[in-house]
Structure formats: structure tokens, C-alpha cells
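If you read the sequences in order, they're chains H and U. Residue 85 is where the first sequence starts when you use my numbering, and the numbers rise one by one after that. Residue 29 is where the second sequence starts when you use my numbering, and the numbers rise one by one after that.
Read the hints as simulated data drawn from the structure, not as lab findings. Treat each hint with caution, since some may be false.
To be verified - Within a straight-line C-alpha distance of at most 20 Å, the following computed EDC-like cross-link-like pairs (lysine to aspartate or glutamate) qualify:
1) Lys323/H / Glu87/H
2) Lys144/U / Glu248/H
3) Lys144/U / Glu255/H
4) Lys144/U / Asp159/U
5) Lys452/H / Glu399/H
6) Lys452/H / Asp373/H
To be verified - Sample of chain H residues at the chain U side, in silico, Cβ under 7 Å:
7) Ala111
8) Gly210
9) Gly218
10) Ala221
11) Tyr230
12) Gly231
13) Phe232
14) Gly278
15) Thr279
16) Arg283
Said to hold, decoys possible - Cβ-Cβ distance ranges computed for the label pairs, FRET-style:
17) Pro42/U / Gly278/H: 47 to 55 Å
18) Phe153/U / Met161/H: 49 to 57 Å
19) Arg91/U / Asn251/H: 27 to 35 Å
All values reported here derive from a predicted model rather than from experimental measurement. Glycine residues also receive a C-beta, built at the ideal position from the N, C-alpha and C atoms.
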Amino acid sequence: MWENRCKVAVSGVGFSKVSRTADVPLAVHALTAVKEAVADSGLAMSDIDGLATYPELPATGHAEVDGISVVSVNCMMAMLKLPDLAWHIQVGTVNIGGAVQQAVNALLAGMCNYAVVWRAMHNPRGTYQNLPSGMAAGATQFTAPYGFGGPGQGMAVAYTRWLERHNQNREKMATLAVTQRRHTQHNPHAYFYGTELSREDYLASRMVAYPFCLFDCDIPVQGAVAIVLTTADRACDLKPTPAYLAGYGQRLHFEVAGRIGSLADYMEGGRSSAKLTWERSGFGPKDVDVAQIYDGFSASVIYGLESYGFCGEGEALDFIQDGRIELDGELPLNTFGGSLGTGRIHGLWHIIEGALQASGRAGSRQVKDANVSFVGASAPIVTGTTFIFVREPY
Amino acid sequence: MSDWSKVTRPIPVPNEWTKPFWDAAKRGIVELQRCQSCGHFQHPPYATCTRCVATDLRFEPVRGIGTIYAYTIMYHTGDKRFAAAVPYASIIVELDDAPGALMAGNLLDAEYTEAKVGRRVEIVFEKLNDDVTLPQFRLASAE
Ligand SMILES: [Zn+2]
């Protein structure tokens, strides 16, 4: 087991408004979320001495403008003017889960006492995957000439392989979309709060890239979320019940850029990340009371459930049936609605929900007696990170 | 059947690693990068062998026959250049001579509904301009 098990905790969390259009600059969303997270902790902004983020826009062909389409540490510091900033970082390879893990490491090393991590997501005007050039250079020379543009198609090809190899039916995915949308109705911050989705809606919706229909894809939005992390002893003195970090892992399986469609790459990535998390935390899949698994595209949940070890290969679409992923089911899943419910903010919202469930602060969507709370914070293939939060720090 | 005549494909830009692949395609041959140490074929080309990390890699011809490993049917018209062909099949193919080396392509000369994992396909070449010829796939004739 990890010697630093339960020595760091998530304290406060914060949310901006989530909308389709950028009516205020992204920096304002990020600032709102950070202020709310700090206030939720009961801290003063001047207590914050660590900052971390993953400033990235997953859309193609749009300029990255700090404060408008991304919010860097520099941009945040210019707004906050923290008097005692002692540590900061922007990660490049492990998405927002990596920023959280770096903040954990900094706290354990004594580099800072109260770190804030935010993820701010921009929704650009016009086409999201805006492929401006007539030329396909680099890794895209082997994919773009055939119509492979955004990440959705890359994941769709692995999904057809999974479906046909395991003799499965994409209509079973309706259960995931409908259940998560029902969970969304308990999350007032979510984009689809107040909008229901029926099985019929899912089955009748238009195809985007088979096997993905519209409701298999998270909707691009503008918004930000944030968390405050601190050491366990400091967290105990703060207002919210802490969610203790029992362990974390990163994906260790790497493949060559431009190679797409390999189902094995998703599975190996997820297995390697989860293995570290199980070993460090001392828990296994059977111990988990509630799970958040990244769902930017629905099939990511399949790869997660199987590669993390919650069910066998080829079983995930059967596993999610019969009420198992409901709030009172055997494995309540994406209880905040997932990215399919909140809109595309990437994995920090999954981490936030994992922490809220562990600390008993999830309101009307709280899973009863949730102690062991698992998070897979991004698609296992590229940037996979996994976490376990617990209520009891033993 | 998809009408590809109105589609303007992005033109591949070969670099020092990938030029032999595109030069061969222009001659109507598929050549993939092969490790001279362990014999492993790989695609896309890379700096080292992805199996044994040897650095002695050469391009060698392979037979243009293989199996659909995975596919997607494109319905989205966000990329206007491809809108005229929607719905169309984009496929990932594992060639018989190069297990594990996955090549992308479109399934030409067939209804998109013919794309299935495990179906046999063969290479055809689509000339994009005087410099670049694109490997593509169609259903294999009876073997
Ligand atoms: Zn080798």
C-alpha cells in the first residue's frame, strides 16, 4: 500500500454557469469556479498558495487565446494576485487528472498548503472540429484523407470492434444515456438539468459516427469547475467533510501517434492505471461503493468498466443493465450525470463528484453509505488517470 | 453508394519517416516499415521498432490483402469536404502480411453497410494528384 494513503484530501468544490455560448470570457467562468471552491472550503483567497490546471481546448482549428479559449496559471494568477503563491504547474500530457496528481505531490512534499485546481472549457463559435487545411501533415497524413477528423471517429472504430467481437448490440447503450440523464436531474449545475431523455429519444436520435448517435457524445459547452486540495490534517479543520485520497494511478501504455482504432490500446491503458490505484489504495473493484468513469463518448465507459476490472471483457453493456448503475444500485455510476449530462468539461467534474460522494456531500444524489469512491478521469487510452477517495481515512 | 467525386480529400504531406510509404503507393505497391532485427511490420512509421526497440528499420513490400479490424460509418457533415459522400465507411485494416499494423482507408465500390469487422478487403490506389496516390480498399474478390 501507498505510504501516503489518505494524507491528502479534497475540501471545497466550485462551479461556474455552464452554457452553450461564450457570453462572458472563459476567465470569468474559471474565476467564478475557483472563488466558489475556496469559499466552500471556508478559506480566504489569500490562504491559497498552490495553482494547477490543464489549459487545453480539445477543438481543432481554433486559436488558443489565454482568458478566452483557455485559462492558464498566468491568467488565473493575474486575476487572484495571491500574496503567498508558493507552487504552480500546467500539465501537458495527462489532462486534468495529471494536474490534480501534481497538486497532491506538491502538498505531500510540503511545497504548498492549499492548492486550487481548475478546468475551464471553451465552446468556440462555428464548427468544433474545424479542419482548415487542405494538407494532412504529421500523424494526420494516414487518417485525415479518409475523413477521420475529431477524436469521436477514432473511438467509434474501436467501439465497432468491441461490439462485433463480443456479439453485442449498441441499443443497450440507451440504458447508460438514460440513467445518467436521470442522475443529471439531481445536479443543478449540469447543462442538461431540467431536460429529460427517454430510451425512445436515444434510439431515434441521429447518427454522428456509427455506432455513436448524438446522445453518445457530450455536448460542447462553456464552463469551469474547481477544487481545493490540502493535507489531511489541514482538511480536518476546514468546513466541509474531507474526501481522503486513498490512491491514484496514471495510464502506462503508450502507442504511436496516428495509429487509431486499436481496442487493445484502450484496455491496456486502463488496466495499467487501475492496477496502480488498486495496489496503492488497498482496495479492489468489489470494494467500490460508487464510480465515476469518464464519458466524453459513451464507449469510454465500456473500456473503463472492463479495463479497471469492474466486469469482464465484452460484458460492460450487460453489466450496466437491470438497475445496477442507479443511485441505489450495486455500482452507482456517473451519479452527477457524467459529461453526457453536464456538458464537455472533461474529467475534473468526475473527480469532484467522486470526492462529494466520499464526503457525503452529494445532496439528493448521495449514494447511501458510500465510503469507497472510484474515479476514472479520462479515456484510458491517451491521458488516463484513476483515483480512489474514501470517507474513512483508514 | 457514396459519391466520392465531389469530395476533396486533404492531401498527405510525406516527411522523412513516411516518404518511402508514399513513394511506393505512387508505384502501386504497399510498403510498410519492417524491423530488420525481429521482422515486425509496423504502421504508421516510427523511429524505432515498436516491438523490440531496434533502430534498423526498412520499408518492404507486403501483399495488399487483409481484414477489416474496425470501422465507423460517417454521418456527420461537420467537415464540408466530405459531406457529399455521407454516409460512408472509414475502415481500419490489418493486412495479412503485417499483423498489428493498422491502416486506415475508406471502403470503396460497395454500400457502407458492407463494412463489417472481419470482412476481407484488398488495396486499390486512388491518385490524388501527380505527387500523391492514396491506398484505399474494396471488398476482396473471391480468394
Ligand atoms: Zn523489432
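Cross-check of the supplied hints:
1. Lys323/H / Glu87/H: Roughly 26 Å between the alpha carbons, so the hint for Lys323/H and Glu87/H is violated.
2. Lys144/U / Glu248/H: With Cα atoms ~8 Å apart, Lys144/U and Glu248/H stay inside 20 Å; holds.
3. Lys144/U / Glu255/H: holds (18 Å)
4. Lys144/U / Asp159/U: violated (32 Å)
5. Lys452/H / Glu399/H: violated (26 Å)
6. Lys452/H / Asp373/H: holds (9 Å)
7. Ala111: Violated, because the Cβ-Cβ distance from Ala111/H to chain U comes to roughly 28 Å (cut-off 7 Å).
8. Gly210: violated (10 Å)
9. Gly218: With a minimum Cβ separation of about 6 Å from chain U (threshold 7 Å), the hint on Gly218/H holds.
10. Ala221: Because about 4 Å separates Ala221/H from the closest Cβ in chain U, which is inside the 7 Å limit, the hint holds.
11. Tyr230: holds (5 Å)
12. Gly231: With a minimum Cβ separation of about 5 Å from chain U (threshold 7 Å), the hint on Gly231/H holds.
13. Phe232: holds (6 Å)
14. Gly278: Not OK, violated: Gly278/H not within 7 Å of chain U, min 27 Å.
15. Thr279: violated (22 Å)
16. Arg283: violated (21 Å)
17. Pro42/U / Gly278/H: 47 to 55 Å: holds (52 Å)
18. Phe153/U / Met161/H: 49 to 57 Å: At roughly 55 Å between Cβ atoms, Met161/H and Phe153/U fall inside 49 to 57 Å, so the hint holds.
19. Arg91/U / Asn251/H: 27 to 35 Å: Given a distance of about 30 Å, which is inside 27 to 35 Å, the answer is holds.
In terms of the numbered hints stated before, the structure departs from hints 1, 4, 5, 7, 8, 14, 15 and 16, listed from lowest to highest.
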